[in-house]
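S.K.: Given the structure of chain A, go ahead and fit chains B and C onto it with the hints provided.
Which chain is which? The protein sequence lines are A, B and C, in order. Letter by letter, the first sequence follows residues 1 to 363 of this note's numbering. Letter by letter, the second sequence follows residues 1 to 79 of this note's numbering. Letter by letter, the third sequence follows residues 1 to 162 of this note's numbering.
Source of the hints: derived by calculation from the structure; they are not laboratory data. This structure is a prediction, so every number in the text was calculated from the model and none was measured. Backbone N, C-alpha and C fix where the C-beta goes; we use that ideal spot for every residue, glycine too. Be aware that a few hints might be false.
Partner residues are not named here, just some residues of chain C that face chain B (Cβ under 10 Å, in silico) [as the list claims (entries may be wrong)]: (1) E89; (2) D90; (3) N91; (4) P92; (5) G94; (6) S117; (7) K118; (8) V123; (9) M137; (10) I140; (11) G143; (12) P146.
Over the 10 Å line for every Cβ pair with chain C, so calculated as not near, a few chain B residues [what the hints assert, rightly or not]: (13) Y33; (14) D36; (15) A39; (16) F45; (17) R47; (18) P49; (19) V58; (20) Y59; (21) A61.
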Amino acid sequence: MRAGHAGVLPEDRADVLLHSYDGGGVTIQGPSLLVRKQFAQKFSVSANHYVDKVNSASIDVVTTASPYEEERTQQSVGLDYLHDRWMMNIGFVNSEENDYTADTFSFGISQDIFGDLTTVSLGYSLGNDTVGRRGDANFSEETERQHYRLGVSQILTKNLMLGFSFETITDEGFLNNPYRQVRYLDPTTPQGYSYEREVYPRTRSSDAGALRLRYYLPYRAAVHAEYRQYGDTWAIEADTFEIGYTHPIELGWTFEGRFRSYSQNKADFYADLFPRSGYQNFMARDKELSTFTSQTIRLGASYDIVRGGWKFVERGTVNVILDHMLFDYEDFRDLRVTGVPPGSEPFYSFDANVLQVFVSFWF
Amino acid sequence: MATRSSPFVRAFVLAAAAFFISGCSVEPWVKPYERDHLADPIMSFDRDPVSSSYTGHVYEAREGARGATGGAGGGCGCN
Amino acid sequence: MLRAFSVFALTTLIASLAWAATVSGPAPAFTLQSRDGGPVSLASQKGNVVMVNFWATWCVPCRQEMPHLQALYERYQSLGFELLAVNVEDNPEGARRWLEETPVTFPVLFDPKNEISKLYKVVAMPTTVLIARDGTMRFIHHGYKPGYENDYQTQVRALLRE
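Next up, chain A with everything else stripped away, as it sits in the complex (with noise of 0.2 Å):
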């Protein structure tokens, strides 16, 4: 669901991205390709077809496993089709990998009104996945999600645009990953403490609100600015800040930096170390849902190619953006330090960098 008006179908266009994570002992590459095209005036089709190949020496594999190397591939399609001031959408993403595949069908729906200066739109995903163990053939769970989204987008001046959005994702069946163990005080073993396997609720629903701003500078510069609140029913609380300044320049280049800040606290079952084993009904050690704070400084350059047209390439663009990721946990702990009581290791923080490049032309 983008924000912005329906009147008008989007822009036909390719993209070509290459994207590179590097961090906390994981790395992912891969390429995503998009393809957008209208056709008779009142559709548009597109296609994505992405791919995460991973390698994975992360804190939890090293400390319960082995590294391990992994391909996730996934293709979605979308169509929109546009009706006077009404614009509806519906699509499909498969997502599959050697032990886990999801299938998500969304439908949305936006309307222009007041004389086009607000856009409202409504959206509704539902999503079956199936969740696989690698060398458990008889291991096969479900999972069913379901997203109901609100968005409005505002004109407030010339210069000025507003945007809320709200979803509410209601999560039913297996929903912890299938490898990951819990460590709990055990004084039988030479290191203190022994592991076993999570246990998740069946059911989670969750809540999230974000406001965001854009505003155009006279010069001819761009700054966003964006905040999103989230609870849900495991009682995370979350809370992500986000501001952006984007800066072009003559020759067709364009410059864009960003600061985002996250924080959430604890899922209300989650704990690096719990007392004894089945301590409670529920238990997690997964630092997703762990108490931490996360800071991302982005940097972008964007060059325009193919000026003026050349075939039937209208316009086209090269870009670069790096991403500097810090993540620090506050009640997640670096397994990796041995030789001291179970619960005094350090705190786990560790630093990734996101790379993306990617070409994208326009029809």
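M.R.: The following block gives chains B and C in isolation, referenced to the frame of chain A:
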């Protein structure tokens, strides 16, 4: 569903309803011929969807929060 | 979520605006600079059927409409049809550069202070007004959707027959 953002959301939905219902006869205060700044690509909320959906995935796979990012999202075993 | 859906349904019902297709009264007079440098006035076109089209390079439907306007102009100009394309951008340079890449043969006028846009109550981009030989406004189109050019053709022919 007693999640933290519900009161914030409830208040917004009621305010939006009041605004829309009372404001339906408002003349657009930004005329269509005054919208050139807003139509500039640098003012787009989502200029490069292939990049923003990747960035959204990078965060969602590592953070507990999800949703309200403006994208459609899919699923994966990335936990 | 049911609440959000019902708010949405209610607002869209209330907010559906009807765009009137016919309009009446004398067309407001104006004189604007054209891209050739000289001033062009609406009054000098009396006796011809005139289409006034308000457009901008940043407006996607306006750009889509241009080739259809060019075809209309080529077909009916010799029969007494004039097309005045009024560009509403505050800097005419953008329009001049765009016209170099997408040339049109009808007059392009510049309204950088938007005085004529206000006079003609332009509420959508593009806006196309059809003026009869006697100088009265007859039809108005708000926005452009594919297929509008057929309506333009029907209306221009009807006005030419008067």
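S.K.: So which of those numbered hints doesn't the model satisfy?
M.R.: The structure conflicts with hints 4, 9, 10, 12, 13, 14, 15, although it agrees with all the remaining ones.
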